[in-house]
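As a plain string of letters, each chain reads:
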Amino acid sequence: MRDVAIIGIGLTKFGERWDCGLKELMVEAGIAAIRDANLNSKDIEMIYGGTMASGRFVGQEHTAALMADQLGLHNIPAVRIENACASGGTALREGFMAVASGMHDIVAVGGVEKMTDVTSGEAATALGGAGDQEWELFQGITFPGLYALIAKRHMHDYGTTEEQLAAVAVKNHHNATMNKYAQFNKEISVGEVMKSKVVADPLKLLDCSPISDGAAVVILAPLETAKKYNDTPIKISASAQASDTLRLADRDSLVELKATKIAAAKAFAMAKTSPSAIGAAEVHDCFTIAEILAMEDLGFYKKGTAAKAVEDGETAIGGRIAINTSGGLKGCGHPVGATGVKQAVEIATQLRGEAGGRQVNGIEKGLTHNVGGSGATAVVHIFERYN
Amino acid sequence: MLYGIVGYGVYFPVYRIKVEEIASVWHEDAGSIKKGLNITEKTVPAIDEDAATIAVEAARRAVSHAGIDAGEIGAVYCGSESHPYAVKPTSTVVATAIGAGNNVMAADLEFACKAGTAGMQIAMGLAKSGMIRYGLAVGSDTSQGRPGDALEYTASAGGGAYVIGGGKDEVIAEITHTLSFTSDTPDFWRREGASFPSHGGRFTGEPGYFKHIIGATKRLFEVTGMEASDFDYAVFHQPNGKFPINVAARLGFDMKKIENGLVTPMIGNTYSGSSMIGLAATLDIAKPGEKILVTSFGSGAGSDSFAIEVTENIEKNRGRSVKVRDLIEKRKIYVNYSTYLKNRSSIRKK
Amino acid sequence: MERSSANLWRKINSRYNLVGCKCQNCGTLYFPSRVVCRKCGRDSKITEAKFSGNGVISSYTNIRVPPDSFKDEAPYTIAIVKLDEGPSVEGHVVESGGEVKIGSRVRAVFRKMYVEGDEGLIYYHYKFELV
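Listed in order, the protein sequences are those of chains A, B and C.
Those letters in the first sequence? Residues 1 to 387, by my numbering.
Those letters in the second sequence? Residues 1 to 350, by my numbering.
Those letters in the third sequence? Residues 1 to 131, by my numbering.
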């Protein structure tokens, strides 16, 4: 197996992109990545595209071929990856394997979602498909509802407080103010989170990631030739993934995501490193409680201790480990199919030392963690600088 | 061989609305309404309840009270004037939800407030003829009263279910005789597609309720040779708290014989459930050997009359089902008029 | 969301009566029913098993922002109920009146889950009530 590097990154601004449809979003991020890699469109041999629910959001399926077409990649093989909110992270893993295996040299990995063309009720229904349709969505159990069930149990078992959950949103909004691609550009306070409308108690509107439009693309190449294209290639030192039951009630524990734990253990083993070596992590904070779970299940904190660490500022930029420097799903936005790829773009930016005001100093390794549904898929990647 | 009631169950929602709350909306005098109708409050269905859910809850209680295997039930008849579907039976929902299996005769009945007791007669006939082992008769309603109409103070939600069968060790109350009194009387009606029933006002009294209940009961007396003094209890259809007291007096029953079964003052008129819930409240306290008269009434119009004798078996089944009086008192959630409208789906979000 | 009649009908016994399954090979109970036992894989021997509907709440939430098809019901309480027989299920808790707690005992009741407009199907389902 060959080592694989990211040689190009591209993002759209995330948010309510009234000016863009699915195609325009794909192209905006795709062209940025191709330029960043100093490539021409014809250099790309294959494309993987992560999209969760384009059929429900805009009526468009077959999005990978569309992406290849719109980017002028001519007749290359194109594969759409759907793994709910982990579609982007899964696409990255597929791209990684295509290059690592030697099957392809230059592979584009994209993620896109155009969510704001439907009402919020329709969006909630589309996203609900990430859980068990027959037994969760059928009963009117929303995604905030599923994470609220997790949050309530976490609060019960570990004394986690609503204010501690709010601290996740406050931190991520703060980080987002330093990211020009982020959906939100506004600091919020714990008080504002606490006073925002209850969506599914204990989760309030400001505990939830938004409905967003956006796309992200990375270009992968074999590490050994990466420097040909780019002075600062980023090595993907691990790519791991695990699954779990779609239905939350089927899980052994409500206070952990087993898929995250398994994927993390595999990733750390593959990269021959440990949580303490990670300088920055982009974790899947679709809801504030999800960031707490991620911090614990990825091994950064012992179960039950992460919430206090957030409150104490340990996960702020400059803290013990910087979590969600991009603003995370909460502050940067969560166009579901794009999120997993955007996380890789952020860590690559940090490892390149190009993150500006939100740069983590002295960072050598970074991690991304992308979750599908209420935890039925977890994808973990570890990245490092390559000198 | 004895034939009659093997088990029974009742259900009504926990929500209540007081006469005062409805009266305040229409600027009516609550005191005179309460006195005139002898009613203080009525049940209100939750937004997720209808005649089918009520029927299922009552039927499940009846089956567990009877202590029988639901698979032995050979017929299910559901009476209601508020079946959730105009076409698609409530009885199939009930049969499936109690686990009766596929080998069941089933049909929905509608005869205003007496469709449930009509089901008891049908089940009785089928059981007695040997065509079925047990039959289930249910009367349930989420009855409608047009806003501002006098019916709005009484039309409530609830239901009763009876497992009917034969066997000297199983029958807890023998139905010694049953008959009906029927005529075409336009006292109360609802046309296909209409949301609320219409009625003939005071015409519903003498030519409707009283004529039929008295007609059926007197004929039962004649046929059986019994009279009021032979019965320990009497249950009459209870459209309000006044009519049953009046008709009881006219038939020679004193207040003591009907008070146990008189539930409308506390829960309102549950229509198809009304006399069945009244009978259940009476069976809750009746002792072996005691005799109960039941005469229902359904507009349109007709009455079903039953002579019932409680057997020794009733003591074996006690405690297997919740008592009507406990259900009335156990848990109540009072709602205001706007919640009442919302629960009845009269107001909806777009 | 509009569903086909067959979609409703296919699981009707499970939705009305909490009928799940048991693997006769290892004795594990499941709700909803599965084709293959998680523990036994190809050696699974799946047979029908009915659950009592009695259980204990292991977590709950009150949903205030519902999907469109539940807009008239909201707010409503959803719980994960650990059934006495073992498996956990998600379900509504009716008339909870803010009294739901982790550890509360519940039993199954029969209610409408939702109604497809004025002319569509009515979906009946198990829900739970506090004991």
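Among the hints, a few may not be true.
[What the hints assert, rightly or not] A few chain C positions that, by computed beta-carbon distances, are all more than 10 angstroms from chain A: (1) 11; (2) 24; (3) 39; (4) 54; (5) 59; (6) 70; (7) 71; (8) 78; (9) 91; (10) 95; (11) 97; (12) 102; (13) 104; (14) 114; (15) 115; (16) 131.
[To be verified] Simulated crosslink set (DSS-like; lysine-lysine; CA at most 30 angstroms straight-line): (17) A:303 / C:82; (18) B:342 / C:22; (19) C:82 / B:332; (20) B:128 / B:34; (21) C:22 / A:195; (22) B:330 / B:34.
If you are wondering where the hints come from, they were derived from the structure by calculation, not from laboratory data.
Every residue gets a Cβ at the ideal spot worked out from N, C-alpha and C, and that includes glycine.
* Asked: Which numbered conditions among the earlier hints are violated in the structure presented, ordered from lowest to highest?
  -> The structure conflicts with hints 1, 5, 6, 7, 8, 9, 12, 14, 18, 20, 21, although it agrees with all the remaining ones.
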